[in-house]
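Colleague: Given next are the chains, with one letter for each unit.
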Amino acid sequence: MRWCPGCDDYAILAQVQKTMPALGIPRENIVIVSGIGCSSRFPYYMATYGFHTIHGRAPAIATGLKIARPELSVWVVTGDGDGLSIGGNHLLHAMRRNVGLKILLFNNRVYGLTKGQFSPTSEVGKKTKSSPMGSIERPVNPVSFALAAEATFVARVAAVDQDLLGKILRRAAVHRGVAFVEILQNCPIFNDGTFDSLTDRRTKTDRTVLLEHGAPLIYGRQRDRGLALDGLDLRVTTATGDGATSRLLVHDEQAPSATLAFLLSRLEDPVAVGVFRAVESPTFEDGVLRQERSAAREGKQADLETLLYRGADTWKVE
Amino acid sequence: MSAIAARAEAGNTPEIDEVDQVVVRFAGDSGDGIQLAGTQFSTTAVVVGNDIATFPDYPAEIRAPAGSLPGVSGYQIHLSSHDIRTPGDSPNVLVAMNPAALKTNLPALERGGIVIVNSDAFTPLNLQKAGYADNPLSGEALSSYRVIAVPISTLNFKGLERVELPKKQLDRCKNFFALGLVYWMFDRPLEPTLRWIQAKFRNDDPVGEANAQALREGYHYGETIEAPSMRMRVGAATFPPGVYRNITGNGALALGLVAASALSGKPLFYGTYPITPASDILHDLSRRKEYGVRVFQAEDEIAAIGAAIGAAYGGALAVTGTSGPGLALKSEAIGLAVMTELPLVILDVQRAGPSTGMPTKTEQSDLLQAIYGRNGESPVAVLAAATPSDCFDTALEACRLALELMTPVILLSDAYLGNAAEPWKLPELSSLRPITISHPRAGNGFLPYARDPETMARPWAIPGTPQLEHRIGGLEKADGSGQVSYDPHNHEHMVAVRAERIARISQRIAPAFVYGAAAGDVLIVSWGGTKGAVFTAVDQLRKQGLSVAAMHLRHLNPLPGNVGEVLGRFRHVLVAELNRGQLLMLLRARYLVGATGLNKVQGLPFRVSEIVDAVRELLGRGRRHLRKEEKHGAHEDRGTGAGSDSALDARRLRFGPRSALVPGM
Ligand code: SF4
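Listed in order, the protein sequences are those of chains A and B. Start counting at 1 in the first sequence, then tack on 14, and there's your number in our numbering. Start counting at 1 in the second sequence, then tack on 546, and there's your number in our numbering.
Source of the hints: derived by calculation from the structure; they are not laboratory data. Cβ coordinates follow ideal geometry from the N, Cα and C atoms, glycine included. Worth double-checking, as some hints may not be accurate.
[Unchecked claim] Some residues of chain A that are not near chain B, with every Cβ distance over 10 Å (derived):
1. Gly20
2. Ala74
3. Gly228
4. Gly255
5. Leu263
6. Gln315
[What the hints assert, rightly or not] To spell it out: a stretch of chain A is covered by chain B in this simulated footprint if at least three of its residues, at any positions, have a beta carbon under 8 Å from a beta carbon of chain B; those stretches are:
7. 100-108
8. 316-328
Put together the whole structure using the sequences plus the hints.
Modeller: Here you go:
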């Protein structure tokens, strides 16, 4: 194993290893494609097919694989730097095309493999080797990004929340189309404790709200707080007392519009975890196959002779 | 002066002259439909049985202001009753649709040649845009040419009176009027173009009717001209028996890829990003879904090759296509394919660089980028197509090498080859050898980097195969097991293995083709699209009694095994290429040969005369008169630095079948 002791990547690996055999997909039909970074070492620790590619390009490489072999279960493992900095363009397009990839983005808000520079998800003011006076960059929110790209399945979960992680992985696996999962991952070496308040048993319930389809958005140790719409934004309100039920927002992960999901993705206190969006939409690879079938149905011949001798005006010299 | 010009001058010739060959250039505004008129003219020439070579010369992609000099689009066609290889050095006939077209193209026209102009377009405004102070149609400016000024716009309108279309649209038919006139001039049938119009437009579409009518009007107008001596006829060429079609380089590349897919039984995956001048391959393949071709128009060049690599990993015949700037963006991913030893074909339809350069213009300046342009020791096979139809064979060979040897292969074409058209004798289907691939099946002791003893290729184990689950990636591999390895000796071994895998290709490729004298005074070395001009130059020089040959290289990496030996048979070696001397550098480095470069970087192909002149000069020149001189067209680079002394008399210093100086070649 090549991760540092205590790295959350081990927790993610454990859960993925536990989930995959239960999916009913033959092991040889699973491919894990990764880019570069700590997270991207992942394929080496799985007994499936694996492709450790180049920085940022895993979504593109996985897209080609999925188009060529739609029957395979193709997983992309990436990180905040790999997926949102150098590979941001590919991530965007894989999601808006709705290619049937399962994308796991390990967000530790730092560059770990290159030993500790701020990343595109680092918070403003973050002090790192490359930002000794604090980062002056505004971070990108991975879930907001995925929703803006209209990914058809979008979720967020902390690596250490093993039960929820397992559930989300299973749902991502069976989702038809692209599934994007942001996994909040602690890097004990370069960014220790960045998600502590969201994962610590003492603060977690007050700091996170779990999204459950069809249920009102309630959180807090006493389950006394909730979320309500306030104009074009969300606000925290009391979840008890008169009128609370009508006031509280009910989560609808299947809403055709991603607008409310987007508002939820922006929340900083509490932070929303769970499935933001899960909608059905035609997949890219289905479109490819459909066009191929319809071209074949038109009865066009497709052999070498047709290709060379019938495709254009030809003439014969005796 | 050509026979045509001479006869035109004599004036008292029969109604239609029989000529051997003629070069015609259509020129006009990019909105004038010049490319269409040119392709129609060449299609008809082919139907009549001429041999042809064409040279479409586009302006920049974004349309320059109408009537301006940069907006001029040209299409040159060489038609002949014998075998030809180039679009011709200078046109005998120029059709200029406006003053700008006349201004930019007149210098190329042979003295005494025929100019047909649309006199209606010679308005004060257009003249001013073209930078003419006086109207060249009046005065002496064109006195050394035979000018036929035709009010094409006016006549076109008159002829189309009855067609119910807005005036602007009728005016757009004037290219067909001009085409009709040129058809008359060359005694060509209208039917092929009329058939094309019929297929293109619905029967009741007035635009189709207008085009057909304009074509006829132009032809009939010709019959009213009282200048019979300008009619000429180019007889049919004798072609070897077979079935032929007209093909462009980009069209042939697309067909070659689909054919390779059929011959290998592997579905074709084409990942690409639109780029001039390679996009026609994308367009062509997008129409071939019934062949199971999966085309992916990616978000960028890197994604295009990335997707192709993913498809290759999945077991497809994976290809990505681009031009120079795109090849630069793909470099890192090509390295990944080198490291993971996956089959991949990369097409580079070269254009003038650096940077965005001149996207519609041709050049051969990506050779070193193709061979060396990656981080680390990263050898790939590099091939170059020589003619439009050769693009088919080269595509087939590139796919064969990639699939059978598990390696990335770069295929170089160029803007000239990509757009140029020629008659192509279709291959007998039985002559197309199947491409043999074997995927390992489930079994014990599978090693992802085990090697075929002969080719050193690793097994292509594809996802979905039980028990062969394995991991590959860009990190250095231990040979055999494919495990990540930082072992110093393993790395050195693997670098050598990757080099050897490519070097061994020289054992399976054809020797370099030598045309002309077997040994003697001058060997011209060519690669890629300059072959036609170089071979034609060799013919001319040999007719003049000179001892000249050409060696054409289809394989640039590795080079064929006979190259060193062939170089050694000639007193002078002249390396002709459309760059500043890239192959020249490789040959000098590898064979320590005192070769001389003939280089041109104008965005234009070589003219035959430039090569002929260079050879004559090389032979005529003594040791004393050597100084660097720029000539009007191409210039010779006598070489600088080490070896330049020897380049003066171009004597070889020393040859070895494989020099150690340039490893990995
Ligand atoms: S650097 Fe951080 S993210 Fe990377 S392996 Fe170590 S602990 Fe994990």
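Colleague: Now, for every hint given, state plainly whether the structure supports it.
Modeller: A quick look at each hint next to the structure:
| no. | hint | verdict |
| --- | --- | --- |
| 1 | Gly20 | 23 Å, holds |
| 2 | Ala74 | 3 Å, violated |
| 3 | Gly228 | 36 Å, holds |
| 4 | Gly255 | 51 Å, holds |
| 5 | Leu263 | 35 Å, holds |
| 6 | Gln315 | 8 Å, violated |
| 7 | 100-108 | holds (count 4) |
| 8 | 316-328 | holds (count 11) |
In summary, the numbered hints that this structure violates are 2, 6.
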